[in-house]
Structure formats: C-alpha cells, structure tokens
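Protein chains in written order, with this note's numbering: chain A, 1 to 111; chain B, 1 to 113.
The set of hints was computed from the structure by calculation and includes no laboratory data.
Check before you lean on any hint, since a few could be wrong.
Said to hold, decoys possible - Under the rule of at most 25 Å between Cα atoms (straight-line distance), these lysine to any residue pairs were calculated in the SDA-like manner: (1) B:K58 / B:K105; (2) B:K71 / A:I51; (3) B:K58 / B:E20; (4) B:K105 / A:P39; (5) B:K69 / A:A98; (6) A:K57 / B:H43; (7) B:K71 / A:E99; (8) B:K78 / A:A98; (9) B:K105 / B:L48; (10) B:K61 / A:D97; (11) B:K58 / A:I51; (12) B:K78 / B:Q108; (13) A:K70 / B:N98; (14) B:K49 / A:I51; (15) B:K105 / A:Y10; (16) B:K105 / A:F88.
Here the structure is a predicted model, which means the values were calculated and not measured.
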Amino acid sequence: DGGITQSPKYLFRKEGQNVTLSCEQNLNHDAMYWYRQDPGQGLRLIYYSQIVNDFQKGDIAEGYSVSREKKESFPLTVTSAQKNPTAFYLCATGTVDAEAFFGQGTRLTVV
Amino acid sequence: AQSVSQHNHHVILSEAASLELGCNYSYGGTVNLFWYVQYPGQHLQLLLKYFSGDPLVKGIKGFEAEFIKSKFSFNLRKPSVQWSDTAEYFCAVNARGNNRLAFGKGNQVVVIP
Numbered sequence: 001d002g003g004i005t006q007s008p009k010y011l012f013r014k015e016g017q018n019v020t021l022s023c024e025q026n027l028n029h030d031a032m033y034w035y036r037q038d039p040g041q042g043l044r045l046i047y048y049s050q051i052v053n054d055f056q057k058g059d060i061a062e063g064y065s066v067s068r069e070k071k072e073s074f075p076l077t078v079t080s081a082q083k084n085p086t087a088f089y090l091c092a093t094g095t096v097d098a099e100a101f102f103g104q105g106t107r108l109t110v111v
Numbered sequence: 001a002q003s004v005s006q007h008n009h010h011v012i013l014s015e016a017a018s019l020e021l022g023c024n025y026s027y028g029g030t031v032n033l034f035w036y037v038q039y040p041g042q043h044l045q046l047l048l049k050y051f052s053g054d055p056l057v058k059g060i061k062g063f064e065a066e067f068i069k070s071k072f073s074f075n076l077r078k079p080s081v082q083w084s085d086t087a088e089y090f091c092a093v094n095a096r097g098n099n100r101l102a103f104g105k106g107n108q109v110v111v112i113p
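If we strip away everything but chain B, and leave its shape as in the complex, we get (with noise of 0.2 Å):
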C-alpha cells in the first residue's frame, strides 16, 4: 500500500511569509495527488489535485502545487499567506484506477498577523 510523508508537523509564520510544506509518497506506480485543508472547527476539504498533464498545479486560495515525478513529491506552496489560512494542511495520494486513499500526518499552520 502507499504511504505519505509530510515533514514539520508545525508551521508557524506571519502574515505575508511564503510558506512550503513538503509531500513525499511511496509508491512505483501511477498516482493521484491531493492536497485538503481542514480549518478550525470545519470538514476537510479540497485544496488542490493532480492527476496527469501539467505538474504545476493551482488551487483555490492562492495555493500551488507540484508534482515531481523523480523525487516521488507533491509540495504545496503560496508566496504570501494571509492570518486566514491559518489550518491544518493533509497530502493524500492513491494509486490511479484504486479507491484506497492514504494521508499524510498533516501540517499544522498557524499564521501570525
């Protein structure tokens, strides 16, 4: 089965850092790729995917992320974080045509105003 690592469990910055936080998954096939945020107090929801095509992908809120298929990567990045995206941040990955999806242990990001 695949598996998901994320690094540095927490992140703190202030507001208009740039913030990256690193996904590195196992698994030799062909893959899907996600990223879901899930701010305080609310369900998780969905950041951004990549699927094929472009590896640089964009997502909503000003979030990117990209896909390098050699080092087995999915970061995502925003240049300016704003006190709203303060949340705690999952990469997922499966392996394309299989329904088993795996998370990472996640990214707590507090932004600092």
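Chain A on its own, in the form it takes in the complex (with noise of 0.2 Å):
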C-alpha cells in the first residue's frame, strides 16, 4: 500500500514529557516537511528536508527536532520546550517542483 503513513492518529503525553511522531513514507520522495495545524491558523512550517541527513527550520521550530536518516523517515520530537503542544500535527512528502502529498495527522493532546 503506498503512501505516507502517520502514527499514532491520537497521541496523549504529559506535560513535561517529550514525545516523537513517526512519518513514513514509500513514494520515494526527496522532500518531506512537518505542519502543525491550528483552527484558524491554517498550516504552520515546522521543519522541512530536501534530503536525506538535511533539513531546515520552518515558522515555528522552537521546541521542536527532527532527524533525516532515512529517505522513508522524518519524525518529529515535541520537546517540553515547546510551549502550546497540544495541536493537529501533518506530515507531508513531495518532490520539487510538485506537489505535495500528506499523510492522515496525528492529533497531540498534552494533559
């Protein structure tokens, strides 16, 4: 089956605590970014790679990491830096100069 699978699709973590959410992908595309999504905010760049072993900050960083060592792999930490966790977050993969193709999101929930 192809595509690019998220998981978990609901994740509950306590404050304080770190969690990473895991993107895979068998498209082979060279790029695969990190959006957190917010009721009226619309997509916000998190972390975006062009490559593997490479990536750049997005928007909103701060208290968010990611690593590349993998072309099929992106996954995103939410440290307990990050101020306001709780949100939809999305992955998405894509080549340049095309479009880009998402996953199903997990929703964080920090309690």
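With the hints as a guide, bring both chains together as one complex.
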C-alpha cells in the first residue's frame, strides 16, 4: 500500500514529557515536511527536509526537533520546551516543483 | 521566505451560489501555486496547481483558479457550489526550485442545502 503513514492517529502525553511522532513514506520522495494545524491558523511549517541528512527550520521550529537518517522516515519530536504542544500535526512529502502529498495526521493532546 | 494571505476565513453560502476565494502571496520570483482542500475528517488533498502556461487552471470537482502575476494572486472559483463542497480550502506557494511550501490560513466554507 503506497503513501504516507503517520502514527499514531491520537497521542496523549503528560506535560513535560518529550514525544516523537512518526512519519514514513514509500513514495520515494526527496522532500518531507512537518506542519502544525490549529483552527484559524492554517498550516504552519515546523521543519522540512529536502534530502537525507539535511533539514531546515520552518516558521515555528522552537520546541521541536527532527532527524532524517533515511529517505523514508522523518520523525518529529515535540519537546518539553514547546509551550503549547496540543495540536494536529501533519506530515507531507514531495519532490521539487511538484505538489505535496499529506498523511492522515496525528492529533497530540498534552494533559 | 514567501508568505500567503487568504481573506474571509469563514464563508457561508447556499447551494448553487458562486464561490470565489482570494489568495495573495508575497514573493518576487517565479512560484508554483496550489489549492488544497480538506473535507471534514479527511486528509488534505490537491484541488489544482499552477506551474506555468495558461494562467487559468482547471481542477477537480469543477474548481478553477486564475494566476494574475501582476497582482500576486491565485484566486479560486466555482460557478455553482454543492453541499459536498463544504470544506476548508488552503492556498499554498513555493518558489520555483525550492521545496519550502508555505500555506495560507485557510477558508472555512460552509454550503447550506
């Protein structure tokens, strides 16, 4: 089954804990993205990676970290430094000068 | 970095009415432009895209968008909406040759039967 897999769909964590969101793709796309979606805020770019072992900060990178050790995987860690981590997180993939494809998202709730 | 503006976040209209959603971007170079749609409970999917050529682009489900370079705009239109068009619509842009993809804040569209 081809596409982008984000897991888990729902995630609950206690305040102060780090949590890692998974994003895997088998589309052979070079670029991968992490966005945060909040009501009325649209999609805000957290990090993106254009190639393995390289990534760039987006508009709201503070409190987040990523790695890109494999082409297929781009995990996002929400650290305890993120002041308001409860949100819907979307992973996307793409190639240069083409559209991005999105996963189903992970809804993170920090209690 | 490029930025994208979408106005009128909430739009409510009746079936058969015409829909136009505005999108303006700030970037002086060559861009790729997109409209995505998110139906309730579903993931984002591409509605249409513009890379080059005819500035009037036709997408799925009867949607079209017009790129006006002088106005830095890429407005989305549909002549006659249906209840099933109820969704959130996002405009997105990236600079040609660059993967950084920026989104607007979205338009929440509700179509009343």
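Just to be careful, I want the Cα atoms of K58 (chain B) and I51 (chain A) compared with a cutoff of 25 Å; is the pair within it?
violated, 32 Å
For a C-alpha distance cap of 25 Å, please report whether K70 (chain A) and N98 (chain B) respect it.
Holds - the C-alpha atoms of N98 (chain B) and K70 (chain A) are around 21 Å apart, at most 25 Å.
Can you confirm whether the C-alpha distance between K71 (chain B) and E99 (chain A) stays at or below 25 Å?
Distance ~23 Å between K71 (chain B) and E99 (chain A) Cα, so the pair holds.
Hinted pair K78 (chain B) and A98 (chain A), Cα distance within 25 Å:
holds, 24 Å
Against the 25 Å threshold, does the CA-CA distance of K71 (chain B) and I51 (chain A) hold or violate the hint?
violated, 33 Å
Distance restraint between K58 (chain B) and E20 (chain B), which requires alpha-carbon spacing of 25 Å or less
holds, 14 Å
For the pair supplied as a hint, K61 (chain B) and D97 (chain A), is the alpha-carbon distance within the 25 Å limit?
Distance of about 23 Å is within 25 Å: holds.
Hint consistency between K49 (chain B) and I51 (chain A) [alpha-carbon to alpha-carbon, up to 25 Å]
holds, 23 Å
Below or equal to 25 Å on CA atoms is what counts here, so check K105 (chain B) against Y10 (chain A).
With Cα atoms ~23 Å apart, K105 (chain B) and Y10 (chain A) stay inside 25 Å; holds.
Does the alpha-carbon distance linking K57 (chain A) and H43 (chain B) stay inside the 25 Å limit?
OK: K57 (chain A) and H43 (chain B) at ~24 Å, within 25 Å.
Below or equal to 25 Å on CA atoms is what counts here, so check K105 (chain B) against L48 (chain B).
holds, 18 Å
For the pair supplied as a hint, K105 (chain B) and F88 (chain A), is the alpha-carbon distance within the 25 Å limit?
Satisfied, since the Cα-Cα distance of roughly 14 Å is no more than 25 Å.
Checked against the numbered hints above, the structure breaks hints 2 and 11 and satisfies the rest.
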